[in-house]
Amino acid sequence: MDAISDDHLTTGVASPYLPRTNIQFAWDSTSLGLLKTCPRLYQYTMIEGWSSRDESIHLRFGIEYHTALQDYAISRANGVKHEDAIHDTIRALHGRVHNWVVDRQCRAGKYKNRETIVGLVVDYLDHFVDDPADTFILDNGQPAVELSFRFALDWGPQAAVNAWSEWKTPIGWDQPYLLCGHLDRVVFFTGGLYVMDRKTSMTTLSGYYFDQWTPNNQMTLYTLAGKVILNTPIKGVIIDAAQVLLEKPNAFARGFAYRTDEQLQEWIQDLQFWLGQAEAFATANYWPMNDTSCDKFGGCKFRGVCSRSPVVREETLRASFTKQEPDERWNPLRSR
Amino acid sequence: MTDILDRLAVPPPPPSELDELISRDPLELSAADIDKIIAYQRQQRARREAGEKVPRTKRKAADTGETVTLDLSKLGLIPAPATATSVPAVVSSFKRRL
Numbered sequence: 012m013d014a015i016s017d018d019h020l021t022t023g024v025a026s027p028y029l030p031r032t033n034i035q036f037a038w039d040s041t042s043l044g045l046l047k048t049c050p051r052l053y054q055y056t057m058i059e060g061w062s063s064r065d066e067s068i069h070l071r072f073g074i075e076y077h078t079a080l081q082d083y084a085i086s087r088a089n090g091v092k093h094e095d096a097i098h099d100t101i102r103a104l105h106g107r108v109h110n111w112v113v114d115r116q117c118r119a120g121k122y123k124n125r126e127t128i129v130g131l132v133v134d135y136l137d138h139f140v141d142d143p144a145d146t147f148i149l150d151n152g153q154p155a156v157e158l159s160f161r162f163a164l165d166w167g168p169q170a171a172v173n174a175w176s177e178w179k180t181p182i183g184w185d186q187p188y189l190l191c192g193h194l195d196r197v198v199f200f201t202g203g204l205y206v207m208d209r210k211t212s213m214t215t216l217s218g219y220y221f222d223q224w225t226p227n228n229q230m231t232l233y234t235l236a237g238k239v240i241l242n243t244p245i246k247g248v249i250i251d252a253a254q255v256l257l258e259k260p261n262a263f264a265r266g267f268a269y270r271t272d273e274q275l276q277e278w279i280q281d282l283q284f285w286l287g288q289a290e291a292f293a294t295a296n297y298w299p300m301n302d303t304s305c306d307k308f309g310g311c312k313f314r315g316v317c318s319r320s321p322v323v324r325e326e327t328l329r330a331s332f333t334k335q336e337p338d339e340r341w342n343p344l345r346s347r
Numbered sequence: 332m333t334d335i336l337d338r339l340a341v342p343p344p345p346p347s348e349l350d351e352l353i354s355r356d357p358l359e360l361s362a363a364d365i366d367k368i369i370a371y372q373r374q375q376r377a378r379r380e381a382g383e384k385v386p387r388t389k390r391k392a393a394d395t396g397e398t399v400t401l402d403l404s405k406l407g408l409i410p411a412p413a414t415a416t417s418v419p420a421v422v423s424s425f426k427r428r429l
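In the order they appear, the protein sequences are chains A and B.
This note's numbering numbers the first residue of the first sequence as 12 and each following residue consecutively.
This note's numbering numbers the first residue of the second sequence as 332 and each following residue consecutively.
Hint data in this document are derived by calculation from the structure and do not stem from the laboratory.
Just to be clear, a hint being listed does not mean it is correct.
In the BS3-like style, the derived pairs of lysine-lysine whose C-alpha atoms are separated by at most 27 angstroms in a straight line are [claimed, not checked]:
{"no.": "1", "chain 1": "A", "residue 1": "Lys92", "chain 2": "B", "residue 2": "Lys384"}
{"no.": "2", "chain 1": "A", "residue 1": "Lys238", "chain 2": "A", "residue 2": "Lys210"}
{"no.": "3", "chain 1": "A", "residue 1": "Lys210", "chain 2": "A", "residue 2": "Lys121"}
{"no.": "4", "chain 1": "A", "residue 1": "Lys121", "chain 2": "A", "residue 2": "Lys307"}
{"no.": "5", "chain 1": "A", "residue 1": "Lys47", "chain 2": "A", "residue 2": "Lys210"}
{"no.": "6", "chain 1": "B", "residue 1": "Lys384", "chain 2": "A", "residue 2": "Lys210"}
{"no.": "7", "chain 1": "A", "residue 1": "Lys334", "chain 2": "A", "residue 2": "Lys47"}
{"no.": "8", "chain 1": "A", "residue 1": "Lys121", "chain 2": "A", "residue 2": "Lys312"}
{"no.": "9", "chain 1": "A", "residue 1": "Lys121", "chain 2": "A", "residue 2": "Lys92"}
{"no.": "10", "chain 1": "B", "residue 1": "Lys384", "chain 2": "A", "residue 2": "Lys47"}
{"no.": "11", "chain 1": "A", "residue 1": "Lys47", "chain 2": "B", "residue 2": "Lys367"}
{"no.": "12", "chain 1": "A", "residue 1": "Lys121", "chain 2": "A", "residue 2": "Lys246"}
{"no.": "13", "chain 1": "A", "residue 1": "Lys238", "chain 2": "A", "residue 2": "Lys47"}
{"no.": "14", "chain 1": "A", "residue 1": "Lys121", "chain 2": "A", "residue 2": "Lys334"}
{"no.": "15", "chain 1": "A", "residue 1": "Lys92", "chain 2": "A", "residue 2": "Lys47"}
{"no.": "16", "chain 1": "A", "residue 1": "Lys246", "chain 2": "A", "residue 2": "Lys210"}
{"no.": "17", "chain 1": "A", "residue 1": "Lys259", "chain 2": "B", "residue 2": "Lys367"}
{"no.": "18", "chain 1": "B", "residue 1": "Lys384", "chain 2": "A", "residue 2": "Lys121"}
Here are the in silico distance ranges between beta carbons for each label pair [claimed, not checked]:
{"no.": "19", "chain 1": "B", "residue 1": "Gln374", "chain 2": "A", "residue 2": "Pro30", "range": "21 to 27 angstroms"}
{"no.": "20", "chain 1": "A", "residue 1": "His138", "chain 2": "B", "residue 2": "Arg355", "range": "38 to 44 angstroms"}
{"no.": "21", "chain 1": "B", "residue 1": "Ser361", "chain 2": "A", "residue 2": "Tyr269", "range": "46 to 52 angstroms"}
Just so you know, these numbers come straight off a predicted model, no measurement behind them.
Quick reminder that beta carbons are idealized off the backbone N, C-alpha and C, glycines included.
Please model the entire structure based on the sequences and the hints provided.
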């Protein structure tokens with residue numbers, strides 16, 4: 012098995028858009044998902060940077076969960092025993108969250124706060140003390156955890172090819188589309204290699220919960236990324252889910268998402284159309300509303316904005332959301 | 332008036348043991364404190380698994396003292412409402428003409 016090339020791993024931060032445009036060339040499953048759900052949702056989130064208070068709680072909780080489990084995996088890979096590794100992990104976690112204050116009156120804050128993240132991490136690590144999934148070890152001796160990746164497609168935005176300077180001279184350059192993302196963990200399980208993706212949820216981990224991952228942007232991209240980066244067959248993706256509960260023990264469950272080569276090829280083919288659409292919207296500087304998505308996934312967060320007259324939407328956005336600075340907005344090129 | 336406002340100023344409930352440990356400055360947390368946090372969580376989990384209802388952040392009940400009914404007129408903030416002496420009579424002479 013070949014070592015992972017550094018070309019595939021992301022470091023640092025750069026803009027995911029072509030210079031002086033809103034034409035995104037670096038994509039991940041989050042930004043693709045926004046575009047496929049509704050171009051207007053994509054515009055408000057990616058281009059304009061509007062975010063709600065709850066999102067920052069979910070994001071922070073998820074990041075702390077992933078970081079804690081990464082710390083534990085690194086400790087164990089270095090030969091540290093389970094109890095000592097938990098101790099070190101919780102100490103590091105405490106250092107990061109001791110002054111994290113959330114509004115406990117909102118649903119997100121009630122379930123996701125500094126006490127529940129500590130509890131969830133301890134419970135997970137105890138639950139999987141004899142984890143049947145073994146972390147894959149890279150050629151450099153490091154465990155394959157928290158791997159940010161990017162790889163290039165063999166086509167790119169037309170705007171890059173057709174670019175002209177202010178002096179009307181062609182300055183087109185070959186900028187391919189990049190697919191980016193973040194692999195939580197690569198594991199050996201029942202004789203095969205899998206990408207493992209961790210999820211935290213406030214909902215029951217039933218068959219219905221796991222059904223949402225096929226078809227699914229993120230799991231398809233991760234299967235593809237695993238094959239490209241590791242240059243070896245990946246059997247699929249293990250969704251490693253944790254449910255945060257307040258009065259019962261936290262619950263854990265794992266599900267599987269498989270993709271055939273034909274399904275991966277179809278996804279890439281579909282991607283050509285989606286990215287072409289994204290470039291067309293950005294070139295026109297107009298992202299249409301998909302008014303059949305407003306009631307999906309519990310209701311779009313911008314439904315209250317889009318249901319108002321266009322002349323008052325900006326005011327509604329300012330009243331209900333926070334506008335992030337450009338360097339704070341979701342960026343597929345930002346490695347964790 | 333000051334007495335009423337003072338009685339309304341109820342102190343917040345004291346933090347739970349876990350709250351107190353987690354909110355401490357990391358530099359003040361000893362190895363034993365970290366072990367205490369882990370042990371506390373394991374104890375809570377065992378209690379939940381045994382079917383006990385244990386809220387995530389168990390706080391001691393606050394001592395609220397005497398309950399005070401807020402009367403804004405006594406505080407001089409609004410005029411006292413007039414006491415109604417009788418129900419206004421229905422004006423029987425009004426008839427809606429269609």
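Tested hints:
no.	hint	in the structure
1	A:Lys92 / B:Lys384	32 angstroms, violated
2	A:Lys238 / A:Lys210	22 angstroms, holds
3	A:Lys210 / A:Lys121	18 angstroms, holds
4	A:Lys121 / A:Lys307	24 angstroms, holds
5	A:Lys47 / A:Lys210	21 angstroms, holds
6	B:Lys384 / A:Lys210	25 angstroms, holds
7	A:Lys334 / A:Lys47	22 angstroms, holds
8	A:Lys121 / A:Lys312	19 angstroms, holds
9	A:Lys121 / A:Lys92	33 angstroms, violated
10	B:Lys384 / A:Lys47	43 angstroms, violated
11	A:Lys47 / B:Lys367	47 angstroms, violated
12	A:Lys121 / A:Lys246	37 angstroms, violated
13	A:Lys238 / A:Lys47	24 angstroms, holds
14	A:Lys121 / A:Lys334	24 angstroms, holds
15	A:Lys92 / A:Lys47	45 angstroms, violated
16	A:Lys246 / A:Lys210	19 angstroms, holds
17	A:Lys259 / B:Lys367	21 angstroms, holds
18	B:Lys384 / A:Lys121	17 angstroms, holds
19	B:Gln374 / A:Pro30: 21 to 27 angstroms	57 angstroms, violated
20	A:His138 / B:Arg355: 38 to 44 angstroms	27 angstroms, violated
21	B:Ser361 / A:Tyr269: 46 to 52 angstroms	48 angstroms, holds
Of the numbered hints given earlier, the model fails hints 1, 9, 10, 11, 12, 15, 19, 20; all others are met.
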